[in-house]
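Asker: What follows is each chain in one-letter form.
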Amino acid sequence: MSEDLQKLIDEAVKKALAGDDEAINGIEDRVTRAKAKAALVKAKREQPNASEKSSTSESNEEQPAVENSENVTSKITKMLDYKFSDCLDGELHSDFIQLKPEYWFEIAKFLKEDPDAYFDSLQCNTGFDLGDGMLESRYNLHSMKHLHSIEIRIKVNIDNPDIPSVESIWRVADWFERETYDMFGINFTGHRDLRRILLPEDWDGWPLRKDYEEQETYHGIVVPKVKEGWE
Amino acid sequence: MGFLENRFDDNVVVEKLDKLLSWARSTSPWFFQFGTACCAIEMMAAAASRHDLMRIGIIPRSSPRQADVMIVAGTVTMKMALRVKKLYEQMADPKYVVAMGSCATSGGPYWQHGYHVLKGVDLVIPVDVYVPGCPPRPEALIEGLLKLQEQILEGRPLTRKTG
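Chains as they are written, first to last, in my numbering: chain A, 1 to 231; chain B, 1 to 163.
The following block holds chain B by itself, in its conformation from the complex (with noise of 0.2 Å):
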C-alpha cells in the first residue's frame, strides 16, 4: 500500500477506496425477488429460515428501486420478456442478474416445442451469474450468490475502463 502502509496504529486499515466500494457492494447485494415459476419455490427456501441468505447479507427487496441484484427465477416468456427488461432498466446501478434454473439461462424444457418462452432470459438483459438445475436447490443458488459476490469485489467501480 505504498508509503501509508505501517504508519497508522493497528486498528487503521488503509485501502484503496475502489476496494472498499466493491468490498461494501459485495456484502449486501440485495435482491430483487422475480419468481416467475416454480424456481421461485427455491428462491423462497433459499431466504427463508434454515438457508437463510440473510447471514450473507442478502436480503429480499419487492421493488426494482431498492435492489442491486435481479434473480429471475423461473421461465420467462415472450410476454414477460418485454417486463423483464422494463423492470432491469428500473433498477439502479450497479445493477447485478442471476439466471436461476434451465428456463431462465436457456429455455430449458421450452426449448424446442414451447413457442412463447424467452429462450434464456440473457437475450434480453446481461446476466452475470447462471445457476442451473431444474429447479436448482437452495444450496446451489447460494453457490450461485457467493459466486457473484466474489466477481462483485473483483470488480473496480472508480476506475476507469480501458481498452
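Okay, chain A solo, but in the shape it has when bound (with noise of 0.2 Å):
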C-alpha cells in the first residue's frame, strides 16, 4: 500500500470518530474504502475508555429527569393553585391531583397548552364507584415532550354526576367518556355525542356502580335468578 492511501486513510477514520461517516463513504476506491472501513473498527474498539466516559455521563444526565418526574405532580399542583385558586378539592397528594369538576374545563386547556406542563396526551379515563355516594373520574396525561405523566382525580356526588367534557380538548376522550358514561353514568356535560359505546341503547341502569341490580328482562328474554351453590 503506498503512503498517500495510507493517510487517506487515516484522516478518513480520525474524520469517522468524530462522528462524520461521509468520510469514509465517499471513498471511490472500494477495496480502499473497506479498509477504511476496518480501521476505523479497530480505532474503536482501542479506544474504549473514550465511550465508557460517554455512557457515565449520559446516565448522569438522566438521574435528575427521573428525580424531575417524580416532582412533577407536586410542581402541577402548584401551578394550578397558583392559576386557579380554589380548583383543588382535598388534601394535596403526591401521586395525583384531586380536582373540583367545576373549572376542570378551563385546566384541561391549560394542562394541554402550558410550555410547561405541555399534556399533549390524554392516555386513560377511568370511571370509579367510591362507595357513599360518590363516583370518581381520573384522568392519565401524559406529555410527549417532556416525558412526564400526572393523574387527575374528580369526584362528583352520585346523585348529580356532571363533570365537564374535555372530548373537545383531546379528541380521543371521545370514546373513553362514552365508556365512563355507559359504565357508571357520570355525565360529561359538553361532549358532542354522549351516548352508550358498549351496552345497547336501551339498557337500564350503569353495570358497575355498586348499587347496581340485574334486570329481570330483557326485550323478553328473562334473566334467571337461580344462583343457589355458587356463592
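For the record, the hints were derived by calculation from the structure and aren't laboratory data. Keep in mind that the hints are not guaranteed to be accurate.
Unchecked claim - Simulated DEER-style distance windows between Cβ atoms:
1. A:I197 <-> B:D18: 31 to 37 Å
2. A:L198 <-> B:A45: 39 to 45 Å
3. B:A45 <-> A:G90: 53 to 59 Å
Said to hold, decoys possible - Derived coverage of chain B by chain A (criterion: at least 3 residues anywhere in the stretch with Cβ under 8 Å from a Cβ of chain A; other residues may be distant):
4. 94-100
5. 119-133
Unchecked claim - Residues on chain A that point at chain B, a partial pick, calculated with CB under 8 Å:
6. N71
7. L199
8. P200
9. Y218
10. I221
11. V222
12. V223
13. P224
Glycine residues also receive a C-beta, built at the ideal position from the N, C-alpha and C atoms.
Two chains, two frames, a set of hints: combine them into the complex.
Answerer: Spelled out as C-alpha cells, the structure:
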C-alpha cells in the first residue's frame, strides 16, 4: 500500500471517529473504502475508555430527569393552585391531583397548552364508584414533549354526576368518556355525542355502580335468577 | 319394503321418500359460522385441514340463507341475543342449532356476575345439540355434529307429526 493511501485512510478514520461518516463512504475506490472501515472498527475497539466515559456522563444526565418526573405532580399542583384559586379538592397528594369539577375544562385546556406542562396526550379515563354516594373520574395525562405524566381525579356526587367534558380538547376522550358514561352514568357536560358505547341503547341502569341490580327481563328474554350454591 | 322389495336389479334401491330426504339432509348440513368468542377458534380448527369437517359433508357458509345448521360458538351477550334471533329467523327450513361451549349452553363463567350475558342461547332459539367444554376441542364439536347427523337421519320430514 502506498503512503498516500495510508494517509487518506487515517484521515477518514479520524473524521469518522469525530462523527462524520461521509468521510469513509465518500472514498471512491472500493478496496480502500473497505480498508478504511476495518481501520475504523479497530480504532473504535482501541478506545473503549472514551465510549465508557460518554455513557457514564449520559446516565448522570438521566438521573435528575427521573427526579423531575417524581416532582411533576407537586409542580403542576402548585401551578394550578396559583393559576386557578380554589380548584383543588381536599388535601394535597404526592401521586395525583384531586380537583373540583367546576373549572376542569379550563384547567384541562391550560394543561394542554401551557409550555411547561404540555400534556398533549390523554392516555386513559377511568370511572370509579367510591361507595358512600360518590363517583370519581380519573384522567392519566402524558406529555410527549417533556415525557412526564400526572393523574387527575375528580369526585362528584352520585345524585348529580356532572363533569365538564374534555372531548373537544383531547379528541380521544370521545370514546373514553362514552365508556365511563356507559358504565357509571357520569354525565360529561359539553360532550358532542354522549351515547352508550358498549351496551345497547335501551339498557337500564349503570352496571359498574355498586348499587346496580340486574334487570329481570330484556326484550322479553328472561334473566335467570337461580344462583344457589355458587357463593 | 313391502311388495316392491327384491323386484328390481341389484343396482336399484327402493326406499321411502321420507327416509331419502332425511338421509340427504343429514349428509350435507352446511353450517353458518357464528363465532362470537373464543370457541370460534376451535370451530375454525375443526373446519381446517387437520380435522376437516368437509369429509363428513359439513362446510362453513357465511350467510344464514345458505346454511342449515347454526353453530353458536361463544358467549352471546344480551345485545347479540337479539341479532342471533334475527339471524336464526333468516335461515331457511330445515334448520338446526348447535350450542357450542359453556357460554352458549348456560352462560358458563358469566353465569353469576355477567350482567350482560345471555344465560344459554336456548332462551332465545331452540337448540338441538349442546357441546360442553370451555372451549370444546374440535373432536368434541365433530362428535356433536355427528350426533346432529343421527338426529336428522331419524327425522321424517314428510310425515305429519300427530299427538
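Asker: State for each hint whether it applies.
Answerer: Verification of the hints:
1. A:I197 <-> B:D18: 31 to 37 Å: violated (52 Å)
2. A:L198 <-> B:A45: 39 to 45 Å: Since L198 (chain A) and A45 (chain B) have Cβ atoms about 29 Å apart, the given range 39 to 45 Å is violated.
3. B:A45 <-> A:G90: 53 to 59 Å: holds (55 Å)
4. 94-100: violated (count 0)
5. 119-133: Result for this restraint: holds, n = 3.
6. N71: violated (41 Å)
7. L199: Holds: closest Cβ of chain B sits about 7 Å from L199 (chain A), inside 8 Å.
8. P200: Because about 5 Å separates P200 (chain A) from the closest Cβ in chain B, which is inside the 8 Å limit, the hint holds.
9. Y218: holds (5 Å)
10. I221: holds (6 Å)
11. V222: holds (6 Å)
12. V223: holds (7 Å)
13. P224: Interface hint status for P224 (chain A): holds (5 Å vs cutoff 8 Å).
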